Amino acid sequence: MPRRTMIEAIRDAMDVSMGRDDKVVVFGEDVGFFGGVFRVTHGLQAKYGKSRCFDAPINESGIVGSAIGMAAYGLKPCVEIQFADYMYPAYDQLTQEAARLRYRSNGDFTCPIVVRMPTGGGIFGGQTHSQSPEALFTHVSGLKTVVPSNPHDAKGLLIAAIEDPDPVIFLEPKRLYNGPFDGHHDRPITPWSKHELGEVADGHYTVPLGKAAIRRAGSAVTVLAYGTMVYVAQAAAEETGIDAEIIDLRTLLPLDLDTIVASVKKTGRCVIVHEATLTSGFGAELSALVQENCFYHLEAPVARVAGWDTPYPHAQEWDYFPGPARVGRALLETMGA
Amino acid sequence: MADAGMLRFHVPEPEVRPGGTPDFSNVTIAEAGSVPRPDIDVDPRTIRDMAFSIIRVLNRNGEAVGPWAGLLSSDELLEGLRHMMTLRTFDARMQMAQRQGKTSFYMQHLGEEAVSCAFRKALSPGDMNFPTYRQAGLLIADGYPMVTMMNQIYSNEADPLKGRQLPIMYSSKEHGFFSISGNLATQYIQAVGWAMASAISNDSKIAAAWIGDGSTAESDFHSALVFASTYKAPVVLNVVNNQWAISTFQGIARGGSGTFAARGLGFGIPSLRVDGNDYLAVHAVAKWAAERARNNLGPTLVEYVTYRAGAHSSSDDPSAYRPKTESDAWPLGDPVMRLKNHLIGLGVWSDERHAQAEAEILDTVIAAQKEAESHGTLHAGGKPSTREMFEGVFAEMPAHLRRQRQQAGV
Ligand SMILES: Cc1ncc(C[n+]2csc(CCOP(=O)(O)OP(=O)(O)O)c2C)c(N)n1
Numbered sequence: 001m002p003r004r005t006m007i008e009a010i011r012d013a014m015d016v017s018m019g020r021d022d023k024v025v026v027f028g029e030d031v032g033f034f035g036g037v038f039r040v041t042h043g044l045q046a047k048y049g050k051s052r053c054f055d056a057p058i059n060e061s062g063i064v065g066s067a068i069g070m071a072a073y074g075l076k077p078c079v080e081i082q083f084a085d086y087m088y089p090a091y092d093q094l095t096q097e098a099a100r101l102r103y104r105s106n107g108d109f110t111c112p113i114v115v116r117m118p119t120g121g122g123i124f125g126g127q128t129h130s131q132s133p134e135a136l137f138t139h140v141s142g143l144k145t146v147v148p149s150n151p152h153d154a155k156g157l158l159i160a161a162i163e164d165p166d167p168v169i170f171l172e173p174k175r176l177y178n179g180p181f182d183g184h185h186d187r188p189i190t191p192w193s194k195h196e197l198g199e200v201a202d203g204h205y206t207v208p209l210g211k212a213a214i215r216r217a218g219s220a221v222t223v224l225a226y227g228t229m230v231y232v233a234q235a236a237a238e239e240t241g242i243d244a245e246i247i248d249l250r251t252l253l254p255l256d257l258d259t260i261v262a263s264v265k266k267t268g269r270c271v272i273v274h275e276a277t278l279t280s281g282f283g284a285e286l287s288a289l290v291q292e293n294c295f296y297h298l299e300a301p302v303a304r305v306a307g308w309d310t311p312y313p314h315a316q317e318w319d320y321f322p323g324p325a326r327v328g329r330a331l332l333e334t335m336g337a
Numbered sequence: 001m002a003d004a005g006m007l008r009f010h011v012p013e014p015e016v017r018p019g020g021t022p023d024f025s026n027v028t029i030a031e032a033g034s035v036p037r038p039d040i041d042v043d044p045r046t047i048r049d050m051a052f053s054i055i056r057v058l059n060r061n062g063e064a065v066g067p068w069a070g071l072l073s074s075d076e077l078l079e080g081l082r083h084m085m086t087l088r089t090f091d092a093r094m095q096m097a098q099r100q101g102k103t104s105f106y107m108q109h110l111g112e113e114a115v116s117c118a119f120r121k122a123l124s125p126g127d128m129n130f131p132t133y134r135q136a137g138l139l140i141a142d143g144y145p146m147v148t149m150m151n152q153i154y155s156n157e158a159d160p161l162k163g164r165q166l167p168i169m170y171s172s173k174e175h176g177f178f179s180i181s182g183n184l185a186t187q188y189i190q191a192v193g194w195a196m197a198s199a200i201s202n203d204s205k206i207a208a209a210w211i212g213d214g215s216t217a218e219s220d221f222h223s224a225l226v227f228a229s230t231y232k233a234p235v236v237l238n239v240v241n242n243q244w245a246i247s248t249f250q251g252i253a254r255g256g257s258g259t260f261a262a263r264g265l266g267f268g269i270p271s272l273r274v275d276g277n278d279y280l281a282v283h284a285v286a287k288w289a290a291e292r293a294r295n296n297l298g299p300t301l302v303e304y305v306t307y308r309a310g311a312h313s314s315s316d317d318p319s320a321y322r323p324k325t326e327s328d329a330w331p332l333g334d335p336v337m338r339l340k341n342h343l344i345g346l347g348v349w350s351d352e353r354h355a356q357a358e359a360e361i362l363d364t365v366i367a368a369q370k371e372a373e374s375h376g377t378l379h380a381g382g383k384p385s386t387r388e389m390f391e392g393v394f395a396e397m398p399a400h401l402r403r404q405r406q407q408a409g410v
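Residue numbers (UniProt numbering), protein chains in the order written: chain S, 1 to 337; chain C, 1 to 410.
If we strip away everything but chain S, and leave its shape as in the complex, we get:
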């Protein structure tokens, strides 16, 4: 199987989808001729023409709003917001329009759109190129939220998202675009070309939405993570020597609660890790669900490791980023060590 970067895998997903279904259109800022600032859509305009892949004005509300209209017409738009930090102007269209169209019209109109956006920090992006807004989407009825952590999943999940009949937010951890990142910023990363999860099959395949993956089997503690934090959790488990079971959620909504509950009932302990700020973050939801469903199996309080409740700082990036040291400490505390 060919090895690809996450960027190539995501591009491949769009390529495969556009090739199979001429209703799929791709647009966004710099997405057409240039192929996007991360070059994710590179080559799609040349291959499919300007009416299938084109540049949009710098107007996020316009990008999502027009995509909603296109979807109501019968197309399947897959649009790019240049950074997740810039989805706020489009938030109204996403949460009040895309999310509700099926419900409010009783299925008369539907909204099968995908909104891709690079998310997360670890790239010295400062406050406005580092945010992780997933909780702002999972709180909204009617949106699905996906966060892949490797090229194989990214391709399969994106194809599934494009084929999904409902609006899907596709958050791409940009720190993973070129290789897995375990939080050790001072060490070189292994590129995806040398990593087994960089193996991406050619052609069409899907990874179903709503199914988590167990990245590391273990019996002492369950770690719930997604995106970049999957690798940070793995590094923390290795460094502490704790027999942690690491679950990569892959889809936050719908959530694979069965896999989570089965694992926590087995291990009796749970640590939740995400990059987004702690307060009212998605970890709070996960923690509540674990308490509700596994209370009598828990041998320690559920622990959360997350970004601090500050804006994402530039110079202090590595003090902000939930790295292996902080996750390791939480693992040890949860184990009572």
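If you're looking for bench data, these hints aren't it; they were derived computationally from the structure.
Check the hints yourself; a few may be wrong.
Here are the computed lysine to any residue pairs in the SDA-like style, where the Cα-Cα straight-line distance is at most 25 Å [said to hold, decoys possible]:
hint: 1; chain 1: S; residue 1: K266; chain 2: C; residue 2: A399
hint: 2; chain 1: S; residue 1: K47; chain 2: C; residue 2: S124
hint: 3; chain 1: C; residue 1: K232; chain 2: S; residue 2: P57
hint: 4; chain 1: S; residue 1: K50; chain 2: C; residue 2: E391
hint: 5; chain 1: C; residue 1: K232; chain 2: S; residue 2: P89
hint: 6; chain 1: C; residue 1: K232; chain 2: S; residue 2: G32
hint: 7; chain 1: C; residue 1: K173; chain 2: S; residue 2: K266
hint: 8; chain 1: S; residue 1: K50; chain 2: C; residue 2: T28
hint: 9; chain 1: S; residue 1: K211; chain 2: C; residue 2: R402
hint: 10; chain 1: C; residue 1: K173; chain 2: S; residue 2: D21
hint: 11; chain 1: S; residue 1: K265; chain 2: C; residue 2: A399
hint: 12; chain 1: S; residue 1: K23; chain 2: C; residue 2: A199
hint: 13; chain 1: S; residue 1: K23; chain 2: C; residue 2: F105
hint: 14; chain 1: S; residue 1: K211; chain 2: C; residue 2: V226
hint: 15; chain 1: S; residue 1: K23; chain 2: C; residue 2: S124
hint: 16; chain 1: S; residue 1: K23; chain 2: S; residue 2: V207
hint: 17; chain 1: S; residue 1: K194; chain 2: S; residue 2: A235
hint: 18; chain 1: S; residue 1: K23; chain 2: S; residue 2: P208
hint: 19; chain 1: S; residue 1: K211; chain 2: C; residue 2: E391
hint: 20; chain 1: C; residue 1: K232; chain 2: S; residue 2: R52
hint: 21; chain 1: S; residue 1: K47; chain 2: C; residue 2: R402
hint: 22; chain 1: C; residue 1: K383; chain 2: S; residue 2: A235
hint: 23; chain 1: S; residue 1: K50; chain 2: C; residue 2: H222
hint: 24; chain 1: S; residue 1: K23; chain 2: C; residue 2: K287
hint: 25; chain 1: C; residue 1: K383; chain 2: C; residue 2: F105
hint: 26; chain 1: C; residue 1: K287; chain 2: C; residue 2: S124
hint: 27; chain 1: C; residue 1: K232; chain 2: S; residue 2: I58
hint: 28; chain 1: C; residue 1: K287; chain 2: C; residue 2: F267
hint: 29; chain 1: C; residue 1: K383; chain 2: C; residue 2: S313
hint: 30; chain 1: S; residue 1: K211; chain 2: C; residue 2: F267
hint: 31; chain 1: S; residue 1: K266; chain 2: S; residue 2: T277
Computed from the model, here is a short list of chain S residues facing chain C with C-beta under 8 Å [to be verified]:
hint: 32; residue: S51
hint: 33; residue: A67
hint: 34; residue: M70
hint: 35; residue: P165
hint: 36; residue: H314
In this text, all values refer to a predicted model and were calculated from it rather than measured experimentally.
For every residue, glycine included, the Cβ atom is placed at its ideal position computed from N, Cα and C.
The hints should help you fit chain C with the ligand onto chain S, whose structure is shown.
For chain C with the ligand alone, coordinates are given in the frame of chain S:
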């Protein structure tokens, strides 16, 4: 220049407030028939003055005059009159039903009936409107069943939207009427997206976007203009200027731009103003704009100059912010009376037939109301099942919603 002194903050005010005497003499109104009708492929730069004039067909004597006249047969005009009368009667009955506690809320079209009724007749089957809440005439003029509209207003067991939406927020794909959102202006850019999709698909259908004067201040209005002009989308961009948002007069949203139509000029979009109380003028302009869109000539911005004679909604009391007599002083008259007089002038209508038609329409509306009420009203009779509340959030119900439905015991 001399010392300018302290800065002063400017807040625009309407000409009069309650207690004052309404005076529209400053509103410049072009004479009927005086505005030329350019070819649809006109260079927009040559018709910039049309964004400041008003296209009118019916003159003070009820005659249809000038280059925008002569597009409709008298049968079509009689049908148009019936649509407007039906909408007015429907409104009166539903407003009353709201007062009787049969529904929570209602919004009338009083004085604006020509805009949506005449516009609908300029579209073809398959075209899509993205309306806001004062365009029910699009449905009435397209033959959408009044009973279904009422079922929606009552949120009863026959409500096609299962009680999920505020009254009057209809949806009908079949009748080219996009699901109404309570969030102002969002639909404007969605309409442009729909039109872009039609062009991408090499289809022949066009879209129409609808917005009120107050809501043009929203950024989605500007997003729509950018996208429509960039991609030459086949869309008619409608602005219904009925002078008022809720208590806020049009000058607050308009600022110093002169007219709402003038907003299109900076985008190179042909921009027209039309007498919104003149059924013939609205129809003629709508047809011109629709033809432009269908011929790959791109978007047109149309400002309908009209007056909201009624309250903003059933929750509003306009006497608190404008003179009670202001609507009588409005210089463009009542759209129903103007078309009626025109038809009488043509010799195809009379006061007697009008009175008879009014009675017939009232009977039809009452019969529809009875039928709708047999399915229930908001607080009495049949209503959509609570189970429905959990359906349709997604195409397939995810596990967490299934669990919540079980918890709700439905
Ligand atoms: C985004 C948003 N802001 C505020 C409101 C509340 N609101 C409902 S109608 C209205 C006035 C709209 O005026 P206009 O666009 O002129 O339309 P008209 O009612 O005059 O037809 C306001 C402020 C809303 N529904 N949505």
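Notebook entry, point to check: Which of the listed hints are not met by the structure?
Noted result: Per hint list: 2, 4, 7, 8, 13, 14, 21, 22, 24, 30, 31 and 36 violated.
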